[in-house]
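Peer 1: Start from the sequences and build out the full structure, keeping to the hints where you can.
Protein chains: 6
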Amino acid sequence: MLTHIDKKGNAKIVDISDKKITKRMAIASGKIYVTNKILEQIKNNEAKKGDILTVAKIAGIMAAKKTSDLIPLCHPLKIDDIQIIFDIDNSKKVIYAEAGVKCENKTGVEMEALTGISIALLTIYDMCKASTHDMKITDIQLIKKSGGKSDFSLESI
Amino acid sequence: MLTHIDKKGNAKIVDISDKKITKRMAIASGKIYVTNKILEQIKNNEAKKGDILTVAKIAGIMAAKKTSDLIPLCHPLKIDDIQIIFDIDNSKKVIYAEAGVKCENKTGVEMEALTGISIALLTIYDMCKASTHDMKITDIQLIKKSGGKSDFSLESI
Amino acid sequence: MLTHIDKKGNAKIVDISDKKITKRMAIASGKIYVTNKILEQIKNNEAKKGDILTVAKIAGIMAAKKTSDLIPLCHPLKIDDIQIIFDIDNSKKVIYAEAGVKCENKTGVEMEALTGISIALLTIYDMCKASTHDMKITDIQLIKKSGGKSDFSLESI
Amino acid sequence: MLTHIDKKGNAKIVDISDKKITKRMAIASGKIYVTNKILEQIKNNEAKKGDILTVAKIAGIMAAKKTSDLIPLCHPLKIDDIQIIFDIDNSKKVIYAEAGVKCENKTGVEMEALTGISIALLTIYDMCKASTHDMKITDIQLIKKSGGKSDFSLESI
Amino acid sequence: MLTHIDKKGNAKIVDISDKKITKRMAIASGKIYVTNKILEQIKNNEAKKGDILTVAKIAGIMAAKKTSDLIPLCHPLKIDDIQIIFDIDNSKKVIYAEAGVKCENKTGVEMEALTGISIALLTIYDMCKASTHDMKITDIQLIKKSGGKSDFSLESI
Amino acid sequence: MLTHIDKKGNAKIVDISDKKITKRMAIASGKIYVTNKILEQIKNNEAKKGDILTVAKIAGIMAAKKTSDLIPLCHPLKIDDIQIIFDIDNSKKVIYAEAGVKCENKTGVEMEALTGISIALLTIYDMCKASTHDMKITDIQLIKKSGGKSDFSLESI
Chain P
1 MLTHIDKKGN
11 AKIVDISDKK
21 ITKRMAIASG
31 KIYVTNKILE
41 QIKNNEAKKG
51 DILTVAKIAG
61 IMAAKKTSDL
71 IPLCHPLKID
81 DIQIIFDIDN
91 SKKVIYAEAG
101 VKCENKTGVE
111 MEALTGISIA
121 LLTIYDMCKA
131 STHDMKITDI
141 QLIKKSGGKS
151 DFSLESI
Chain A
1 MLTHIDKKGN
11 AKIVDISDKK
21 ITKRMAIASG
31 KIYVTNKILE
41 QIKNNEAKKG
51 DILTVAKIAG
61 IMAAKKTSDL
71 IPLCHPLKID
81 DIQIIFDIDN
91 SKKVIYAEAG
101 VKCENKTGVE
111 MEALTGISIA
121 LLTIYDMCKA
131 STHDMKITDI
141 QLIKKSGGKS
151 DFSLESI
Chain S
1 MLTHIDKKGN
11 AKIVDISDKK
21 ITKRMAIASG
31 KIYVTNKILE
41 QIKNNEAKKG
51 DILTVAKIAG
61 IMAAKKTSDL
71 IPLCHPLKID
81 DIQIIFDIDN
91 SKKVIYAEAG
101 VKCENKTGVE
111 MEALTGISIA
121 LLTIYDMCKA
131 STHDMKITDI
141 QLIKKSGGKS
151 DFSLESI
Chain R
1 MLTHIDKKGN
11 AKIVDISDKK
21 ITKRMAIASG
31 KIYVTNKILE
41 QIKNNEAKKG
51 DILTVAKIAG
61 IMAAKKTSDL
71 IPLCHPLKID
81 DIQIIFDIDN
91 SKKVIYAEAG
101 VKCENKTGVE
111 MEALTGISIA
121 LLTIYDMCKA
131 STHDMKITDI
141 QLIKKSGGKS
151 DFSLESI
Chain V
1 MLTHIDKKGN
11 AKIVDISDKK
21 ITKRMAIASG
31 KIYVTNKILE
41 QIKNNEAKKG
51 DILTVAKIAG
61 IMAAKKTSDL
71 IPLCHPLKID
81 DIQIIFDIDN
91 SKKVIYAEAG
101 VKCENKTGVE
111 MEALTGISIA
121 LLTIYDMCKA
131 STHDMKITDI
141 QLIKKSGGKS
151 DFSLESI
Chain E
1 MLTHIDKKGN
11 AKIVDISDKK
21 ITKRMAIASG
31 KIYVTNKILE
41 QIKNNEAKKG
51 DILTVAKIAG
61 IMAAKKTSDL
71 IPLCHPLKID
81 DIQIIFDIDN
91 SKKVIYAEAG
101 VKCENKTGVE
111 MEALTGISIA
121 LLTIYDMCKA
131 STHDMKITDI
141 QLIKKSGGKS
151 DFSLESI
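Protein chains in written order, with the working numbering: chain P, 1 to 157; chain A, 1 to 157; chain S, 1 to 157; chain R, 1 to 157; chain V, 1 to 157; chain E, 1 to 157.
The hints are simulated quantities; they were obtained by calculation from the structure and are not laboratory data. In this text, a Cβ means the ideal position worked out from N, Cα and C, and glycines have one as well. Do not take every clue at face value.
What the hints assert, rightly or not - Derived, one-sided and incomplete: chain S residues facing chain P with beta-carbon distance under 10 Å:
#1 Ile58
#2 Lys65
#3 Asp69
#4 Pro76
#5 Leu77
#6 Asp81
#7 Ile82
#8 Ile85
#9 Lys106
Claimed, not checked - Some chain S residues flagged as far from chain A (calculated, every beta-carbon gap over 10 Å):
#10 Ile21
#11 Lys23
#12 Asp51
#13 Ser91
Peer 2: If you want it as structure tokens, here you go:
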């Protein structure tokens with residue numbers, strides 16, 4: 001059942017008032033393909049790369065905190081932890097990002113992790129777009145979640 | 001040159017004070033892979049699909065309007081037009097989204113189009129995730145932009 | 001006693017630190033008078049009406065979530081459920097809206113329900129104002145609330 | 001024609017890219033019915049009333065500034081002036097509010113004036129609700145607008 | 001240890017998922033030096049002063065509520081109480097402000113108190129700057145906090 | 001004259017509708033006193049310092065962009081440039097911050113520069129407060145502004 005849709009087919013928020021508060025976590029990932037030119041600019045100036053990834057991380061953390069303001073039917077909730085890490089694969093010309101979010105709520109934090117990843121990657125795009133627009137953000141997906149009615153792990157699909 | 005990085009390698013906003021105000025536009029696209037189960041649920045209830053895509057469209061438009069609040073080094077600007085359209089490919093189990101943004105500013109609206117697409121697709125994810133988390137957002141990229149120092153078209157790469 | 005006013009007559013937020021967390025709900029309603037012209041436009045194009053009310057509903061839900069950002073002395077709180085429904089009375093040329101909000105907090109959600117209704121009706125106004133500005137939003141009031149120090153029901157006044 | 005609806009009946013933002021920038025203004029009004037008890041509390045403590053109306057005015061001004069964040073299909077725009085004034089009619093137990101907004105834009109500021117009025121009146125409700133919930137916000141409407149394609153005056157209807 | 005920095009030296013949010021929820025409070029203060037001219041304008045029009053300080057108080061309360069939106073690594077949290085008071089010292093030409101914040105959370109509210117003070121004082125600056133820009137905001141600091149792992153009192157340093 | 005106060009002494013926004021659009025700039029500064037312990041932690045881990053100041057800079061830039069959302073009577077405006085720089089004086093145990101903002105508007109950007117500085121310094125406080133709360137933010141003031149009715153330079157007072 002699509003729980004965001006009521007019986008008449010209209011969009012609705014999910015009523016979580018009778019749910020238990022449990023410890024929950026979610027991990028999401030995604031990546032951005034850049035060009036050799038961007039990777040070279042990053043390679044030749046370590047300070048620059050550091051800053052790009054720090055700004056992207058901060059943007060992702062701040063966006064995760066405002067998920068319920070961005071995704072119409074998400075519940076506002078408290079967040080206990082948000083971590084975002086990056087990994088660069090020079091041969092594949094890709095920057096990989098992973099976000100982990102923890103909370104103690106009546107509902108999960110998948111959307112917070114996915115939103116954090118999306119805005120972090122968009123921030124990398126923004127900071128590099130003076131060099132080229134030949135970039136692509138891809139493979140944004142949930143890796144794992146636990147603590148809710150049903151756990152999820154990408155590996156087990 | 002990475003214009004968001006100053007000479008010492010620190011992140012900075014780009015000074016656009018001496019730029020001319022011109023009419024600008026940008027088109028971005030992206031897609032979300034869903035499951036047969038979700039496509040069936042959508043197929044069997046036309047009203048539901050209509051609502052999911054309307055909610056996603058509204059979320060994308062509202063997110064495009066707050067791009068400068070999400071992407072740290074984006075300039076706040078006025079927007080003249082934001083359109084978001086969807087197309088479903090049942091055989092490939094994919095929902096394709098395209099966003100077009102217009103403005104009359106000193107700087108472009110690529111990030112507004114890309115942010116609108118990202119949040120629209122995340123909203124589809126959110127509204128379908130009660131069915132499955134086996135979804136993937138992918139291929140978020142700029143299709144075209146014009147009106148700035150240099151135009152861009154994905155086809156011409 | 002006006003609890004938002006301290007002993008010297010200055011505006012203040014109410015200290016709820018010693019209040020118990022209880023399950024609370026509030027229902028508010030309101031309506032917008034439109035013209036025959038708008039009702040005809042809605043009647044002749046069912047898809048249009050669906051969308052107007054869906055957009056209004058989403059706007060109302062999103063506004064209810066940011067009530068504490070709009071009403072200066074409201075406490076920020078978690079919300080478990082927000083539902084907004086509409087009913088059209090063609091003979092009276094009126095669209096009636098009702099919002100129900102649930103939470104488990106130290107303070108009630110009346111303002112969330114009232115804010116959701118107000119923004120939902122303003123959104124209808126916005127979407128129809130190209131046709132006419134001869135519209136009026138009226139009768140925004142609390143219908144019922146429970147779970148706090150004292151319950152309220154409009155019928156019992 | 002409902003300009004917020006495209007030819008297929010889907011919600012859309014209005015493309016204002018080819019519109020001229022003109023000086024525009026809009027005046028909206030509304031009122032809140034309160035009880036004798038509230039009016040007495042206000043009467044017996046002038047400082048209190050002053051503060052309630054100042055807080056309501058500030059809330060209305062701040063909400064007018066974030067109209068495009070609240071009403072999904074409103075364009076973000078610069079505002080040159082926002083004034084909100086109140087008038088109390090003790091015999092009718094009503095607080096009347098009027099908001100005037102000016103800008104120099106491609107689109108009008110009716111929604112800014114109407115949103116400012118709505119949030120100002122909701123703030124009065126919030127600050128008095130410890131006394132009673134027997135209040136009603138009513139008659140929110142546009143009084144006048146000028147500077148756009150067509151002017152409007154409530155009197156001329 | 002700087003808990004906002006992980007082992008590799010990158011900025012991170014502090015994981016509070018295993019912390020206990022306790023009652024916490026924090027008091028912060030600060031001041032703004034103004035000119036004799038401003039103090040005279042305030043003195044000659046009591047209503048004006050009242051309003052300036054009311055607007056500043058409301059701005060401070062609203063800013064305290066959005067601390068986690070402003071300070072990148074602050075956790076979003078519920079707030080039970082925010083009080084802001086002012087004291088004018090005519091001989092020193094200074095307006096002193098103090099903010100007290102209470103909550104029941106896994107983390108403290110120092111930043112909420114400090115942010116409330118900062119924005120309250122900036123609002124005074126804004127409201128008086130038509131008279132002069134010869135003002136200075138200074139001595140923003142924590143006075144006291146309790147309820148966390150370690151209490152703090154400025155006097156005991 | 002206090003232009004934010006109308007003739008009856010009530011707070012009001014300044015009507016800028018008849019003002020000319022001119023190029024404007026403002027520079028503000030401020031500082032935070034920290035402890036030897038914090039300076040040592042920063043000194044012994046250069047990467048850490050880099051990140052603290054990058055996060056503070058990003059926080060300041062993002063806050064400057066939302067000034068009109070924080071300071072009640074500030075006009076929403078477009079910003080062309082925001083730069084924030086830091087300087088550490090080890091002997092005085094102080095981190096000095098300076099913000100420069102440029103725009104082309106009907107009104108100035110002093111508040112944007114001052115708000116950017118305030119939030120940047122509060123972010124440093126937040127990131128170091130696990131070490132000690134013995135910090136003080138001080139001397140937030142306008143250094144220079146030009147482009148409006150009257151220029152200002154701190155040196156010329």
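Peer 1: Any of the earlier hints contradicted here, and which numbers?
Peer 2: 9, 12
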